[in-house]
Each structure stands twice: as C-alpha cells, then as structure tokens.
Amino acid sequence: MRADAVGGAAPQAVEALARAHRLKPWELAPWLAAIAAYFLFPSYLPLGAQILIAILFTLSIDLILGYAGIVTLGQSAFFGAGAYTAGLLAAHGWGEPISGLAAAAAVAGLLGLASGAVILRTRGLSLLMLTLVIAEMLQEAANKAGDITGGADGLQGMEVWPLLGHFEFGLFGRTAYVYCLVVLFLLWLVARRIVHSPFGRSLTGIRENEARMHAIGSPVFRRRLVIYAFAAALSGIAGALLAETTQFVGLDSLGFERSGSALIMLIIGGVGRLYGPFIGVPLYMVAQDRFAQADPVYWDFWIGLLLIIVVVFARGGLLGLAERLLRRRGRKP
Amino acid sequence: MSAILAAIVSIAFHGLAYAMVLYLISVGLSVTMGLMGFVNLAHGVFAAAGGFVMTRLMNGYGVPFPLAVAAAFLAVGAGSMVLERLLYRRLYGADELSQVLMSVGLIFMSVAAAKFLWGPLAQPMTPPAYLSGQLDLGFRAFPAYRSFLIVAGAVVVTLLWLGLERTRFGARIRAAVDNRRMAQSIGIDTGRLFTWTFALGSALAALGGALGADILAIDPAYALEHLVYFLIVVAVGGLGSIRGPFFAALLLGIADTGFKYLLPEFGAFFIYALTLAILLWRPQGLFGRV
Numbered sequence: 000m001r002a003d004a005v006g007g008a009a010p011q012a013v014e015a016l017a018r019a020h021r022l023k024p025w026e027l028a029p030w031l032a033a034i035a036a037y038f039l040f041p042s043y044l045p046l047g048a049q050i051l052i053a054i055l056f057t058l059s060i061d062l063i064l065g066y067a068g069i070v071t072l073g074q075s076a077f078f079g080a081g082a083y084t085a086g087l088l089a090a091h092g093w094g095e096p097i098s099g100l101a102a103a104a105a106v107a108g109l110l111g112l113a114s115g116a117v118i119l120r121t122r123g124l125s126l127l128m129l130t131l132v133i134a135e136m137l138q139e140a141a142n143k144a145g146d147i148t149g150g151a152d153g154l155q156g157m158e159v160w161p162l163l164g165h166f167e168f169g170l171f172g173r174t175a176y177v178y179c180l181v182v183l184f185l186l187w188l189v190a191r192r193i194v195h196s197p198f199g200r201s202l203t204g205i206r207e208n209e210a211r212m213h214a215i216g217s218p219v220f221r222r223r224l225v226i227y228a229f230a231a232a233l234s235g236i237a238g239a240l241l242a243e244t245t246q247f248v249g250l251d252s253l254g255f256e257r258s259g260s261a262l263i264m265l266i267i268g269g270v271g272r273l274y275g276p277f278i279g280v281p282l283y284m285v286a287q288d289r290f291a292q293a294d295p296v297y298w299d300f301w302i303g304l305l306l307i308i309v310v311v312f313a314r315g316g317l318l319g320l321a322e323r324l325l326r327r328r329g330r331k332p
Numbered sequence: 000m001s002a003i004l005a006a007i008v009s010i011a012f013h014g015l016a017y018a019m020v021l022y023l024i025s026v027g028l029s030v031t032m033g034l035m036g037f038v039n040l041a042h043g044v045f046a047a048a049g050g051f052v053m054t055r056l057m058n059g060y061g062v063p064f065p066l067a068v069a070a071a072f073l074a075v076g077a078g079s080m081v082l083e084r085l086l087y088r089r090l091y092g093a094d095e096l097s098q099v100l101m102s103v104g105l106i107f108m109s110v111a112a113a114k115f116l117w118g119p120l121a122q123p124m125t126p127p128a129y130l131s132g133q134l135d136l137g138f139r140a141f142p143a144y145r146s147f148l149i150v151a152g153a154v155v156v157t158l159l160w161l162g163l164e165r166t167r168f169g170a171r172i173r174a175a176v177d178n179r180r181m182a183q184s185i186g187i188d189t190g191r192l193f194t195w196t197f198a199l200g201s202a203l204a205a206l207g208g209a210l211g212a213d214i215l216a217i218d219p220a221y222a223l224e225h226l227v228y229f230l231i232v233v234a235v236g237g238l239g240s241i242r243g244p245f246f247a248a249l250l251l252g253i254a255d256t257g258f259k260y261l262l263p264e265f266g267a268f269f270i271y272a273l274t275l276a277i278l279l280w281r282p283q284g285l286f287g288r289v
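Chains as they are written, first to last, in numbering that gives the first Met the number 0: chain A, 0 to 332; chain B, 0 to 289.
Do not take every clue at face value.
As the list claims (entries may be wrong) - Between beta-carbon pairs, the in silico distance windows are:
#, chain 1, residue 1, chain 2, residue 2, range
1, B, L261, A, A116, 51 to 57 Å
2, B, L262, A, L324, 27 to 33 Å
3, A, L282, B, A11, 48 to 54 Å
4, B, G59, A, S98, 56 to 62 Å
5, B, E264, A, R289, 39 to 45 Å
6, B, E224, A, L324, 37 to 43 Å
7, A, F220, B, I3, 43 to 49 Å
8, B, L161, A, A113, 42 to 48 Å
9, B, L163, A, L185, 54 to 60 Å
10, A, A140, B, I3, 25 to 31 Å
11, B, A11, A, S196, 21 to 27 Å
12, A, L22, B, L85, 57 to 63 Å
13, B, L262, A, S98, 35 to 41 Å
Just so you know, the hints here were simulated from the structure itself, not pulled from any lab data. Don't be surprised by glycine CBs; every beta carbon is placed ideally from N, CA and C.
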C-alpha cells in the first residue's frame with residue numbers, strides 16, 4: 000500500500016502496519032536460543048522440554064486473551080483433555096506419539112468448540128466464571144472416574160512408542176526436547192499466520208470495539224468461537240506433549256494452578272504480542288526451578304507481589320516496557 | 000417413608016447452615032462487583048483472614064467466642080480499607096484482566112503468608128460449650144452450632160436488608176449502583192462510599208469465614224479452594240444485588256448438600272452443571288438486571 004494513498008494518516012504508521020506480517024530477523028532469536036540451549040545445557044533438557052510445552056500452552060492463551068480479548072481462567076480444561084487423550088491412547092495400546100498429538104488436538108478442539116458455543120454467549124464475569132466452571136467440572140469428572148483415569152493417583156501404565164519408529168524417549172530428554180521444539184515451531188508458524196491474516200485482524204477489531212465490528216458485518220460470535228476452538232486444540236497438543244514426554248498424566252493437568260501460572264507467565268512477558276510467552280515462560284520456570292524447590296512458600300509470595308507490581312505499574316509486561324523504552328529513545332533527537 | 004423425610008430434613012438443615020455461610024461471605028463480593036465493577040477474585044482472602052483471626056484468638060489466647068468473632072469482623076474490615084486505598088482504588092475502571100491478575104496476586108501472597116504464619120494445616124475450631132451438643136426441638140434434635148449459624152445468618156441478613164432499604168447509607172449505595180454518575184453529580188462522595196462499602200463487604204466475609212469455620216475449614220489455601228463457590232453465588236445471584244446472592248446461596252447450599260449426600264460418587268459435578276445451565280438461561284444471573 001502506498002503511503003500517500005491514505006491521505007492524512009501518518010505514512011510511517013501505515014508502512015509499519017502493511018509490513019507487520021513480514022518475518023523480521025529478531026524473530027529468529029528465540030529459536031536460535033532454543034537450539035543453543037540444547038548444546039549448552041544438556042543436563043537441563045527435561046526442564047527445557049517442560050518450558051517449551053508451557054510456551055505452547057501460554058501461546059494458546061495469548062491467542063484468545065491477547066487477540067480476541069476473551070479472559071479465561073479455565074484453559075487447563077483443554078490442556079488436561081489433550082493430556083488424558085494421549086495418555087489413555089498410550090495406556091491402551093496405541094503409543095504412536097504423532098497421531099497421539101493429532102487425537103489430542105481433535106478432542107480438545109471439539110471440546111473447545113462445544114463449550115465455546117455455549118459459554119461465549121455470555122460476557123464479563125459470567126464468561127470468566129464459566130471458563131473456570133468448565134475446567135473444574137472436567138477435573139471433578141476425572142477425579143471421580145478413577146477406573147478410567149486413575150483418579151487422584153494419576154494415569155499409570157502409559158507406553159509411548161519411539162518417535163517416527165526410531166527415537167526413544169530416553170532418560171536425558173534429548174528426543175523429548177527436539178520433539179517439543181519442532182512441534183512448537185510449526186504451531187507457532189500457524190499461529191503467526193493466523194494473527195496476521197484478515198481473520199486475525201478482525202479478532203483485534205472485536206477486542207477493541209465489538210459494536211463497530213458488528214456494524215461492518217463481521218460475524219463476531221463465529222470468529223470468537225473459531226479462535227477459541229483453535230486455541231483449545233493448541234492447548235490439547237501441549238497437554239499431549241507433556242503426557243508423552245513424561246509418560247504420566249495427573250489431575251493437576253486440569254487444575255486452576257496451571258491456568259493461573261500460565262496467565263502469570265504471559266503477563267510477565269507481555270500479552271497480545273505473540274512473543275510474550277517466549278520471554279515470560281523461561282524466566283518464570285527457570286526462576287521457579289532455582290528458588291521454588293528450596294522454599295515454595297516464599298516463591299508464591301514473591302510471585303504474587305511481582306504480579307501486583309506488573310499490573311499496577313508495568314502494564315504490557317517486559318515486552319511492553321522494552322517497547323516503551325525504545326519509543327522514548329526514538330523520540331529523542 | 001420416614002427415612003426419606005429424615006433425609007430431606009437433614010439436607011435442608013445442613014444446606015441452610017451452609018447457605019448462610021456462603022451468603023455472608025459472598026454478599027460483599029456481589030456489591031463490590033456491582034458497585035465498583037471490580038472483579039475481585041481475592042474476596043475469599045478476607046473470609047480466610049476472619050477465620051484465622053478468630054481461631055488464633057480463641058485457641059491461642061483463650062478469648063471468648065463472641066469477642067473473637069467481633070475482633071475478626073473489625074480487624075478484617077479495617078485491613079481491607081487499607082488495601083482498598085493502596086491497591087484496589089488504582090484499578091477501578093481498569094480492564095477486567097488487570098483486576099483479575101491483581102486479585103490473583105493477592106491470593107498468592109495471602110496463601111503464602113498464611114502458610115508461613117500458621118503452617119500448612121487447617122486451624123481447628125471448637126464451638127463454645129453453650130453452642131455444642133444437640134438442640135432438641137421436640138420432634139427431632141439438631142446440632143446446636145449449625146442451628147446457631149442459621150439464626151445468626153438470618154439476623155445478619157435482616158439487618159443488612161433493613162440497612163440497605165432504610166438508612167441513608169443504604170440509599171447512597173443503591174443510588175451509586177443504579178447510576179454512578181448521577182449519584183456523583185447530586186453530591187454523593189462515591190470515593191468514600193466505595194471505601195466503606197468495600198470494608199463492610201470484607202468484614203461480612205470475615206464474619207462468614209469465622210462463623211463458618213466448622214463447615215469450610217480454615218486452611219491456607221482457603222481463598223483458592225472455595226473461590227469457585229463464592230463466584231457461583233455472585234454470578235448466579237446477579238451482580239450488585241444483595242437479595243440475588245441470598246437465593247443463589249440457598250440454592251447452592253441445599254443443592255450441594257443434597258447432591259453430595261445422595262450421589263457422593265459424582266462429587267461437585269452436578270453443581271457445576273447446574274451453574275452452567277442457569278448462566279446459559281440467564282447470563283446476568285437469576286436476579287441481575289439486563
């Protein structure tokens with residue numbers, strides 16, 4: 000688009016908007032860091048795989064919260080649904096990992112579609128509540144259906160086959176790390192494509208001004224539902240990755256703690272930027288690994304305090320802070 | 000036949016006591032959400048704090064039960080005022096997400112602080128001698144403490160409703176809920192009104208937490224464990240209403256007791272399903288305005 004064709008609008012802003020979808024060099028940074036981490040910290044690969052899985056899960060929340068503006072406290076419902084799907088398949092004789100991911104995505108996506116079709120009709124507190132209620136309901140169901148899920152003891156006896164028939168999920172977590180990294184990269188490409196598509200733009204429009212989007216004929220409800228179901232499928236894949244790489248599924252995969260801490264990681268990194276999870280999740284999880292083992296009580300306290308400080312003083316998280324600093328520097332002559 | 004009747008009476012009785020506790024805790028949350036539009040997920044923290052203050056005073060210093068409850072009411076009310084001035088006030092009118100996150104942060108901090116101060120175990124609560132044992136009503140004996148809960152809850156509810164309908168303070172709250180701008184322009188100091196309402200709501204939560212300590216055990220994760228139930232009461236009852244949550248609490252208290260008594264193998268599953276159904280049918284809650 001030529002800048003002068005839009006009359007009074009600032010030409011740089013128009014250029015920036017028109018170029019937003021192009022891949023920039025710094026976008027490769029997280030991937031280079033992840034590859035470097037594989038060679039630099041070989042003894043931390045299991046933690047690394049956990050971080051990659053949490054990034055995928057947090058990314059799914061970023062899509063619906065940061066782009067479509069749906070505040071959810073129950074994304075763990077889909078994470079757990081995916082984890083139990085892959086887990087049950089592997090425990091009952093089908094341990095092929097990639098089809099396990101596909102099955103988990105299908106189950107979680109359908110669950111997102113069904114529950115979204117119901118709860119996205121509400122707004123505000125009711126919506127918030129219902130996301131929470133759906134997750135609690137599933138957790139209670141998994142807890143009480145002990146014959147199938149193992150209840151509070153967790154699902155035992157999973158047998159995951161080697162990846163592509165070759166690579167065993169070994170003790171050192173090399174296969175798991177690479178597997179998670181590749182899956183995350185592919186899904187990130189898809190998410191990035193969606194965000195910059197006309198569909199993704201209309202989601203931002205719905206977040207910013209729903210009435211206006213109705214007025215220009217955008218099918219608001221359907222758009223929100225589609226992204227909700229897509230994010231649910233992403234969460235389901237994240238859950239399945241966790242199940243396959245740890246060979247275990249527990250009730251905590253459906254718990255509020257998981258949704259809550261993912262939300263915190265997203266806020267620390269920055270919401271609605273697609274890169275927030277890549278900053279917030281590693282920071283949070285590495286710090287947790289260092290400090291929380293020693294004293295989980297203090298950890299919770301400081302995380303709570305940090306959250307309040309971020310919300311009151313540093314909206315937009317670390318990426319928001321960085322953006323503001325850059326902009327301030329740019330303004331000076 | 001008489002066995003069924005006994006079960007019904009028993010469910011109604013225990014459900015009613017449970018409902019009173021739920022209502023006392025949640026009514027403040029409903030008013031805060033309706034009046035200030037603040038999604039305060041940390042409301043349960045005030046209830047837990049009330050319970051901790053009371054059990055500490057009773058078990059540690061031998062303070063009599065009524066005094067300990069009063070102290071919990073006042074201490075938590077005063078403490079919540081400080082929080083309102085320092086933190087909540089900054090986020091009135093902010094987006095939902097910020098409010099949710101700020102209150103989740105408060106929950107995390109309070110859970111950690113409670114664990115640090117009191118350890119991970121639940122605090123035991125022993126009712127005073129004159130409220131323990133059974134209360135014989137002729138046709139049937141009821142646990143005395145639960146009967147006291149029902150009566151005390153009913154008294155507080157009556158006072159609250161009278162206060163809201165008959166006093167100037169109540170009229171101001173109703174005016175501000177209905178139309179905040181108009182209330183401001185006729186000279187109501189809504190900032191101060193918010194502070195006092197917030198403090199009252201938190202103090203009532205503390206009262207509920209303290210009195211209900213033998214139904215909802217006072218442990219460090221209290222605010223998180225029972226969060227969904229408090230939210231259900233408010234969302235099903237309707238925001239900004241003080242009558243709505245009462246009926247919602249009745250429904251939830253009795254239904255939850257009934258389901259857990261009759262179908263224990265399903266746990267809380269049906270309660271969540273019921274909530275889902277009600278909110279689909281009336282997204283603004285049973286008594287909420289459209």
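Here is what the structure says about each hint:
For L261(B) and A116(A), the hinted distance range of 51 to 57 Å is not satisfied, since their beta carbons lie about 31 Å from each other. In this structure the hint that L262(B) and L324(A) lie 27 to 33 Å apart at CB is violated, the actual value being about 58 Å. Our hint of 48 to 54 Å for L282(A) and A11(B) holds, since their Cβ atoms are close to 52 Å apart. For G59(B) and S98(A), the Cβ-Cβ distance of about 59 Å falls inside the hinted range of 56 to 62 Å, so the restraint holds.
Range check, E264(B) to R289(A): about 42 Å between beta-carbon atoms, so the 39 to 45 Å window is met. Range check, E224(B) to L324(A): Cβ separation about 41 Å, and the 37 to 43 Å hint holds. Look at F220(A) against I3(B): about 46 Å separates their beta carbons, and that is inside 43 to 49 Å. The hint said 42 to 48 Å for the Cβ distance between L161(B) and A113(A), and at roughly 46 Å that hint holds.
A beta carbon spacing of about 58 Å between L163(B) and L185(A) agrees with the range 54 to 60 Å that was offered as a hint. Separated by about 29 Å at the C-beta atoms, A140(A) and I3(B) satisfy the suggested range of 25 to 31 Å. Under the hint 21 to 27 Å, the C-beta atoms of A11(B) and S196(A), about 56 Å apart, miss the expected range. The supplied range of 57 to 63 Å is broken by L22(A) and L85(B), whose beta-carbon atoms lie about 45 Å from each other.
Judged by the Cβ atoms, the range 35 to 41 Å given for L262(B) and S98(A) holds: they are separated by roughly 37 Å.
Checked against the numbered hints given earlier, this structure breaks hints 1, 2, 11, 12; the rest are met.
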